[in-house]
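Going down the list, the protein sequences come from chains E and V. The numbering of the first sequence is our numbering, which starts it at 2 and goes up by one. The numbering of the second sequence is our numbering, which starts it at 2 and goes up by one.
Take the hints with a grain of salt, since some may be wrong.
Same chains, same label: a pair holds when it works inside one copy or across any pair of copies.
[Claimed, not checked] Below, a list of computed lysine to aspartate or glutamate pairs in the EDC-like style, where the Cα atoms sit at most 20 Å apart:
no., residue 1, residue 2
1, 339, 203
2, 433, 291
3, 543, 156
4, 498, 151
5, 466, 481
6, 277, 288
7, 433, 284
8, 543, 151
9, 380, 614
10, 380, 613
These aren't lab readings, by the way, just hints derived from the structure by calculation.
There are 2 protein chains.
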Amino acid sequence: MDQGAPRRAGGGCGGLNTAEETVEQSGASRVRLTFRPDNVETRVPSGVTLFDAASWNGIAIDSTCGGHGTCKKCKVRVIAGNVPVSSIDARALTPEEIRAGWRLACRAAATGDVEVEVPPLQTRPKAATVGVGRQVILRPGVQKRYLELDEPTLEDQVPDIERVLAAMDDLELSVSLGLARTLGRTLRSSGFRVTAVIVDEELIDVEPGDTTAHRHALAFDLGTTTVVANLLDLDTGQPVAVRSMLNRQQPFGADVISRISATMMDEGALDQLRTKAHETLAELTAEVCEAAGIPPEQVYEIAICGNVTMTQLALGIDPEPLSMAPFVITARSLPPAKAADFGVLVHPRAPAVVFPALGAYVGGDIVAGLLATGLTRDKRVRLFIDVGTNSEIALGSSERVVSTAAPAGPAFEAASIRCGMRAADGAIEGVKIDGDEMSLVVIGDATPVGMCGSGLVDAVAELVKVGLIDHSGKFIADEEAAVRFPLLATRLVKIDKERVFVLHWRDGDGDPAHGVFLSQRDVRELQFAKASISTGWTILAKELGIELADIQQVLLAGSFGSYLTPMSAIRIGLVPRMAPTRIISAGNVAGEGAKMVALSVRERAAAQAILEEVEYVELSGRADFNDAFIDLLKFPG
Amino acid sequence: MDQGAPRRAGGGCGGLNTAEETVEQSGASRVRLTFRPDNVETRVPSGVTLFDAASWNGIAIDSTCGGHGTCKKCKVRVIAGNVPVSSIDARALTPEEIRAGWRLACRAAATGDVEVEVPPLQTRPKAATVGVGRQVILRPGVQKRYLELDEPTLEDQVPDIERVLAAMDDLELSVSLGLARTLGRTLRSSGFRVTAVIVDEELIDVEPGDTTAHRHALAFDLGTTTVVANLLDLDTGQPVAVRSMLNRQQPFGADVISRISATMMDEGALDQLRTKAHETLAELTAEVCEAAGIPPEQVYEIAICGNVTMTQLALGIDPEPLSMAPFVITARSLPPAKAADFGVLVHPRAPAVVFPALGAYVGGDIVAGLLATGLTRDKRVRLFIDVGTNSEIALGSSERVVSTAAPAGPAFEAASIRCGMRAADGAIEGVKIDGDEMSLVVIGDATPVGMCGSGLVDAVAELVKVGLIDHSGKFIADEEAAVRFPLLATRLVKIDKERVFVLHWRDGDGDPAHGVFLSQRDVRELQFAKASISTGWTILAKELGIELADIQQVLLAGSFGSYLTPMSAIRIGLVPRMAPTRIISAGNVAGEGAKMVALSVRERAAAQAILEEVEYVELSGRADFNDAFIDLLKFPG
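Excised from the complex, chain E in its bound form (with noise of 0.2 Å):
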């Protein structure tokens, strides 16, 4: 596959200079090029096809080949500029369209500054918005072609394979001993009229008659709590179906830490994980094919993203490793995976593209939503958190980044608070305070249960906004607070000999316990959590050289900082302190980042390039790392 590497063209023609001389003419290293009539401009490596240069401006080209110069559709203009004629367009293009400036635009190396005017799409649009505001441009790994191939005589005893092959020598393709066990019966049963499906570059099948019509590829969201599964039409490069469920490895704890230990401890716990998230994987499958009614075996791909301990116990590898300094994972880039290796019940051939992992702790969750938020493409200085129990951090623009992985513990979770509960019906995910007053905001509308993560940032922030929790985190002493809060003094209560704070009384019961409320300790558990990650930023700052001015954006990922509200990550010191209008809840930026990779190969490589581009800074080892957290323990003044 091409990975962007700049092409020359192929030889000149009377009236154009050939690519040579251009390249002579030009001694830049970069040309403008500008097309119309979108009016996009933009800068690129002198070398790069005009093709390429579109598909990275998310300008859509006609092609069915994805720029592999067979299909012939991807026709440009050049109004400007030169742009040398190749031996391909010599064959597609009339001597007339040549003249007026016509190009196949996946054969135009740009080595000056032009000038292109790019037709109307003849087909439906091959694009997709998706990520943070990102556009791809539909270059799928899965690739179909129909095939008429001569039926074998006496004079013609070439063998099934390399007849197959035969017809498509533009390509250089494996075959696997699965597809030879079935392909003289497919050939024959359908008068060698065949359609052969690619994925890379390996023929993963050849199916009986026509079906080009049809590709799929299935996304994941491998999370420790939720995962979540978007079906992919990939002529389109739109969801076809979504659904999410509970990771069914919960029983054997909450997070990472506990699901590794658990294999420590028991010998056979690995294999029971495995199969566990083989079946919710296998379950949210069937659930999509069925209600896009898609056969499973038109999913010729998978692609998935999940943190390294997730994506370790999926495939059976010991997360052993991972649990304990010096934190070591098995690779950066696993080995190639099929679907099935991760209890995927597609086609049986059908690979997975597994994304990369930087660390122990900055897995290919994160390396997808760097993607998907494109925090290596970008000139601003960003700085994105994947808020959790294992926050993970990067920061950075264009120029470099830096990330960490900060231990928060469970306090995001709402595992070890009180009256912490999921995200669910009847849990308190926003407070507000004023004067003297409370407001609550409950999920489903209903009678308040528990709070989950969103809501004890908010009940922490908007105490210590008025004051009632003091910056060392306390609440203040009773008297003081009698005398300041009359109202809210009332619900500062003592249960068991610890302080808390009733946000909710059960109706008729006076019993503070019945009720839901925030403890002291709660507070604890979420000053260390907001420490940990304000430590992590504050040291990737320093790395970077930068100060915490310079940051433009804060991006929030995962569904916990899709919910929290950007005033209260203000307050309590979960992010730097800036306008709340910069502080973007992404939403679920890894499952993004799967559909990128599923939808287009360019995207593939470039989150293979977030390991090269991504720097990770190791917080463990760090002598500084105790001294930040002590100074970013207490609130912000």
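Dock chain V against chain E, hints included.
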């Protein structure tokens, strides 16, 4: 893997010519090499390394890396001629050694005539005699390296796979998920002291501690009737255990056509046949490993040769197209397979080297036989015949080789012969007639109960010799027989109106049907079989443009061919008329070929090259087949 392409030595050194200069000086495309003290002279293409040239000529040079420039053990001393100093020489040898003419043979490209001294082996001899007098220099696909790795720290978090690969950065190795699953535990349990197991370009395992002394491979001859397993020690090249057994597919029919028919009549038969093949191979594997006391996990590769039907059935590939015109195979070289794909339970990631095939009836067993006999590498014009139900024939020399398959029918397998039986105790395997007297050779010196293929050929040949069977293949008239052969004539009787010749009467029983006899119909079966084979070599000689008298040697292959009397083969016209000493029983050459590729990647490349070196001639479509066949039906005068 280097497959023998000439290598150019690296940088030059004062006092000696560089490789480039020498090329210009020599001008010739071939150079003469003389190896001392063995005094072996050879001419090789200019640029071939001394190591390769020695290997091709069966001269053992110390080496543990197999000519990759890493072990630095292949020191030789140049006595006459110029050999440039390679960059590795400069590091591996002292300046005194270099001045004295010492070079690493694997880096020493011979670009002019050279005389070289090979020191005695420091290690065990690294060559084995296999095939028909062929010496194979050991260069197995299986390599081991003992590694002492740095343990990871917080400052050195290199992932496990990358850590192992970095220690072998002269190789480009792939890794599978299976290895990823156990690697972390292996590294930590062994204190990062491990042995890498490499097969071709895959790191198939990492074993705790130093296991470099243990390397084994299995070579299988997967015959329609008999399956043979050879367990090889790859350090010595010697077989450490050999076992054979009947192919468990026997209940589905004795020949390939009946087994293919089974798959066409019963949907489940292909699976059953595959299972039976796997059971056969698995049982043999268990037997040889137990006999040699070798744990199956220390067998890291298997090599397997079989005809196309046996190979496809064992891999579960639909064989139907093989059985009907235009006889199309799935692929000349099948997709990569593992030992597990053949049901062979050795190292779980051990690959299988499967011999390629030339056509539906000139399969991997014949390619293995051609490799073992060196037919395509010898100057002499030789005729290779693997006698069987489907007889494969190849004719030629290093100049050109043509091959074909002749449908001989079951005569040689004795299946359709009235008193036919396998070559087991009680089978008449030899018949001699002197004047009017007959003597028999019976396997196990037992009472005769039937005759095997060689007995059939002998019986007919002797009866033709004395004239009791005429050249048209008919028993002569009773009256004539009684006059010419008073004693033998008493054996010429009738059973159910068919004339038979009784070879053995059951004791005290005058009923010829209770004895062992040769029927007129049996003679006809043999006549058709030998006519089919002789038509094959007649047409091949025509294709090659040679006379039959030009053939210098006949190689009779397969267990059947090994038992044939050369004189009888000539008398019935199975082979061209020539001095019987020129007719060689070559033995189980297929099995020998399988051993050769298990011992040497070079022989593996040679097997692959046979696909290009040998032309396949399809007899089915030829107009001259029937004419030749009718001419050759009669027995030679």
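Review point. Between the shortest in-copy and the shortest cross-copy C-alpha distance, which are at most 20 Å for residue 466 and residue 481: within, between, both, or neither?
Key: within (16 Å within a copy, 129 Å between copies)
Exercise for review: Using 20 Å as the alpha carbon limit, work out where residue 277 and residue 288 are close: within a copy, between copies, both or neither.
Suggested key: Classified as within; 17 Å inside a copy, 39 Å across copies.
Review point. Is the C-alpha distance from residue 339 to residue 203 at most 20 Å within one copy, between copies, in both cases, or in neither?
Key: both (12 Å within a copy, 18 Å between copies)
Exercise for review: With 20 Å as the alpha-carbon cut-off, assign the pair residue 380 and residue 613 to within, between, both or neither.
Suggested key: The answer is within: 18 Å in one copy meets 20 Å, while 57 Å across copies does not.
Review point. Quick one: residue 433 to residue 291, C-alpha cut-off 20 Å, is that within a copy, between copies, both, or neither?
Key: For residue 433 and residue 291, neither the intra-copy (43 Å) nor the inter-copy (77 Å) Cα distance is at most 20 Å.
**Study point:** Alpha-carbon proximity between residue 543 and residue 151, which holds within one copy, between copies, both or neither at 20 Å
**Key:** Classified as neither; 67 Å inside a copy, 31 Å across copies.
Check your understanding: Can you tell me if residue 380 and residue 614 fall within 20 Å by alpha carbon in one copy, between copies, both or neither?
Key -> Result: close within a single copy only, 14 Å intra versus 60 Å inter.
Point to revise | Up to 20 Å CA-CA - residue 284 versus residue 433, copy category | key: So residue 433 and residue 284 fail the 20 Å test inside a copy (40 Å) and across (75 Å) alike.
Check your understanding: Quick one: residue 498 to residue 151, C-alpha cut-off 20 Å, is that within a copy, between copies, both, or neither?
Key -> Neither way: residue 498 and residue 151 sit 87 Å apart in one copy and 53 Å across, limit 20 Å.
Review point. For the identical chains here, do residue 543 and residue 156 meet the 20 Å Cα criterion within one copy, between copies, both, or neither?
Key: Between copies only: 19 Å across chains, 74 Å inside a chain, cut-off 20 Å.
Comparing the model with each earlier hint shows violations of hints 2, 4, 7 and 8; every other hint is respected.
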